[in-house]
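**Q** Going down the list, the sequences are from chains A and B. Residue numbers for the first sequence, in our numbering: 1 to 425. Residue numbers for the second sequence, in our numbering: 1 to 425.
Check each hint, because a few of them may be wrong.
The list treats identical chains as one, so a pair stands whether inside a single copy or across any two.
Stated by the list, open to error - DMTMM-like cross-link-like pairs, simulated, lysine to aspartate or glutamate; straight-line CA separation at most 20 Å:
1. K352 with E257
2. K16 with D408
3. K52 with E414
4. K352 with D15
5. K131 with D363
6. K16 with D363
7. K52 with D408
8. K238 with D374
These are calculated hints, taken from the structure and not from any lab test.
What follows is each chain in one-letter form.
2 protein chains.
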Amino acid sequence: MNIWIKNATVLTMDDKQMILENTNLYVEGNRILHIGEELRDFVAEKVIDANKKVVMPGLINCHTHIAMSVFRNYGNDVGLETWLQDYIWPAESNLTPEDVRIGSEVSIAEMIESGTTTFVDMYYYMDEVAKASEKMGIRAVLTRGMTNPTKEILEGEREFYRNWHGKANGRIEMMVGSHSVYTNNKESLIKERDLADELKVGIHIHLNESQSEVENSIKDHKLAPLEFVDTLGMLNKKTIAAHCVWLSDREKEIAIERQINMVHNPASNMKLASGFMEAQKMINAGANVCLGTDGSASNNVLDMFEEMKLASLIAKGRYLDPQNLDAKTVLKMATVNGAKAIGKEGQLGKLKEGYLADLIIIDFDNLRHVPNNDIMAALVYSTNGFDVNTTIIDGNVLYENNEHIGVDVELLKEEVNNIFNRLVR
Amino acid sequence: MNIWIKNATVLTMDDKQMILENTNLYVEGNRILHIGEELRDFVAEKVIDANKKVVMPGLINCHTHIAMSVFRNYGNDVGLETWLQDYIWPAESNLTPEDVRIGSEVSIAEMIESGTTTFVDMYYYMDEVAKASEKMGIRAVLTRGMTNPTKEILEGEREFYRNWHGKANGRIEMMVGSHSVYTNNKESLIKERDLADELKVGIHIHLNESQSEVENSIKDHKLAPLEFVDTLGMLNKKTIAAHCVWLSDREKEIAIERQINMVHNPASNMKLASGFMEAQKMINAGANVCLGTDGSASNNVLDMFEEMKLASLIAKGRYLDPQNLDAKTVLKMATVNGAKAIGKEGQLGKLKEGYLADLIIIDFDNLRHVPNNDIMAALVYSTNGFDVNTTIIDGNVLYENNEHIGVDVELLKEEVNNIFNRLVR
């Protein structure tokens with residue numbers, strides 16, 4: 001779509017010109033055409049007045065399980081193992097593809113209205129997640145969380161790749177999802193690695209989330225999870241490793257050497273009492289650290305603005321360092337670093353000419369945003385997903401003036417209640 | 001006002017009947033008349049349909065500096081000492097009473113729209129804070145943050161007591177505000193204690209917020225702050241002690257023995273890299289621990305829902321215990337415990353017959369609240385101040401259907417921008 005956004009304050013996330021005031025941003029088709037002076041000859045299909053608003057790159061949620069919105073607020077104040085074994089896995093045992101479709105649509109709507117324009121998912125019935133993503137217009141990197149996959153499941157992954165990788169105008173891609181070391185034996189991990197090599201895609205994996213996961217891996221494999229999968233050749237610059245809470249010094253070195261992408265999920269890691277990643281330390285050592293919400297069953301929302309504030313505050317409070325994960329750093333984690341993790345550096349994560357038109361417009365005209373002051377601080381410390389006014393993905397306006405376009409939110413709410421009642425009550 | 005709230009799910013915060021579904025709540029004048037079956041003879045001036053909403057006690061913010069909204073998002077990613085010395089104190093040096101009035105009105109509006117119905121403040125030009133509180137209808141406990149007060153200032157406190165204590169239908173009370181050990185000498189602390197004894201009110205004080213505060217107190221007084229002020233007789237069950245981040249074992253015992261009220265301010269303590277209170281441990285030991293946002297210059301909002309989620313998550317993540325500060329506990333901190341701290345146990349903090357009608361109505365009919373499930377978990381982990389639909393204080397409806405009643409929000413935003421530009425730019 002051809003869009004002219006005028007009177008805009010633009011947070012580009014580009015170090016050369018981080019903030020541009022009172023400017024214009026033009027979208028042509030699915031790309032950013034120009035940021036700056038008014039283009040006299042541009043024919044806009046839509047004009048958006050961004051006065052008292054801030055335009056910034058859409059947020060990239062690098063680790064989630066979106067269909068788990070069907071279990072939101074189920075199983076609280078329990079640890080990871082109990083949560084999985086006593087709540088989530090039993091409830092999931094009766095989950096249908098239709099449930100996954102509905103849970104995905106609920107979460108995609110929640111992400112769009114709170115400023116997330118790309119997500120990296122791990123779940124199953126991924127065809128349904130792909131269909132929901134295609135239909136609702138979001139950008140998605142989809143991975144099946146494989147646990148000792150059969151030959152049929154591996155073949156299904158090849159089919160998923162053929163059906164979906166690069167589809168929906170390039171909005172949908174796939175990676176190989178290896179659930180974890182604790183749910184895969186060595187042979188399965190090797191098969192998953194081989195599949196990733198064959199398809200030339202990265203691997204998305206849970207690594208070193210809890211202390212007990214590390215202890216069990218050492219018991220079973222004589223190595224902690226990250227070090228163990230490295231011996232299997234699973235780590236490279238395409239790898240997305242979620243959590244990385246409990247890493248040995250050697251594992252930190254390996255993560256840096258292999259240039260893997262690490263996803264910090266502070267809310268979920270804290271809620272399940274796993275701990276949290278030493279993100280600033282990893283960034284200082286040269287790692288690409290991005291940000292994720294994990295699923296909304298362990299968060300219990302998918303709001304990347306909440307996640308940025310949490311990440312920044314816990315780091316300062318835990319390490320007694322007020323500059324730890326400062327506002328600019330967490331904004332980068334949620335944009336630039338996320339784009340790099342999914343192999344879209346130079347295309348996503350910044351607002352620049354030629355980049356994909358994934359952007360959000362934040363309302364600063366409210367009591368939480370006065371006085372108008374430090375924009376990056378305001379985005380991290382005073383902004384919530386509710387402040388998102390408009391969301392544009394791949395040049396399409398999906399959410400405008402706090403309203404979804406073409407989404408039956410009432411129906412989704414009803415459907416997800418029905419699923420929960422059937423599966424849990 | 002006589003109000004009938006129907007079709008309500010009521011979170012009473014009373015352990016006997018914590019949650020009542022599909023019920024009625026009646027307000028007569030400024031008190032709760034009845035919760036339960038429909039009253040046939042009640043003549044309602046206002047009927048509120050709370051279908052798909054949750055009615056709960058208004059939140060009590062036990063430590064803040066509301067006028068500091070004029071410095072929101074000023075001085076970020078720096079520690080407490082730098083923040084005060086390089087940013088806040090210089091900017092405050094030119095603050096006028098009118099600035100405090102406007103900053104207070106901005107914050108009161110922000111609190112009302114995000115579900116806070118009572119706040120405990122510490123600042124100066126407290127006449128202006130009182131006037132703003134009276135005008136806007138909120139409940140307030142006001143304290144001047146005294147730093148080596150002159151005789152005139154102490155006399156001014158007596159005058160403030162006479163003018164404001166118990167006024168505005170009992171909505172406004174005062175306590176003696178002793179800023180801290182690091183801003184008062186021993187003689188001043190004694191004068192402040194004597195004033196509190198004379199007026200028969202409690203003392204509101206910052207205690208043991210940062211490590212350097214503790215070190216300096218030990219250097220100056222041979223005792224850490226809490227232990228030092230205890231030797232001066234400043235601690236009793238009316239005392240409200242903010243922060244209490246760095247307490248020795250002996251100080252923890254003293255806090256319990258004296259039955260002081262302790263305020264956990266997780267966002268501000270983390271943002272300024274002070275650390276955070278071991279709240280669950282203190283609660284287990286018998287302390288009354290309540291919750292506060294601190295000022296919006298170090299948070300950077302006044303949203304008690306954010307504060308509850310933060311408190312719960314950091315406790316679980318830091319102490320690797322998923323039951324640490326569970327949903328029910330933090331809800332109590334923000335309601336029942338806050339009421340106790342300000343001497344309003346039996347009148348505030350729960351929804352019960354005869355209690356003051358300070359209540360909020362939360363919208364659960366949105367994507368972040370489906371499926372409908374565990375209400376207390378949803379309030380802590382999925383709710384934000386933006387979800388507050390209606391706020392009633394002392395029987396008056398101040399905010400309804402997400403709109404302020406009788407507040408010129410546009411003017412306030414303009415005024416606070418002008419102040420910031422004058423003081424800082």
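**Q** Next step is simple, just say for each hint if it's right about the structure.
**A** Here's how the hints hold up against the structure:
In this homomeric assembly, K352 and E257 never come within 20 Å of each other (Cα to Cα): the closest approach is 30 Å inside a single copy and 61 Å across copies. Taking the closest pair of Cα atoms, K16 and D408 never come within 20 Å of each other, the shortest separation being 41 Å inside a single copy and 40 Å across copies. Taking the shortest Cα distances, K52 and E414 sit within 20 Å of each other only across copies (12 Å), while inside one copy they are farther apart (35 Å). Taking the shortest alpha-carbon separations for K352 and D15, only the intra-copy value of 11 Å comes in at or below 20 Å, while the best inter-copy value is 56 Å.
Neither within a single protomer nor between protomers do K131 and D363 lie at most 20 Å apart by alpha-carbon distance, with minima of 31 Å and 30 Å respectively. For the homomeric pair K16 and D363, neither the shortest alpha-carbon distance inside one copy (25 Å) nor that between copies (43 Å) is at most 20 Å. Proximity of K52 to D408 under the C-alpha cut-off of 20 Å is restricted to the inter-copy arrangement: shortest distance 18 Å between copies versus 29 Å within a copy. Taking identical chains as interchangeable, the C-alpha atoms of K238 and D374 are never at most 20 Å apart, the minima being 35 Å within one chain and 39 Å between chains.
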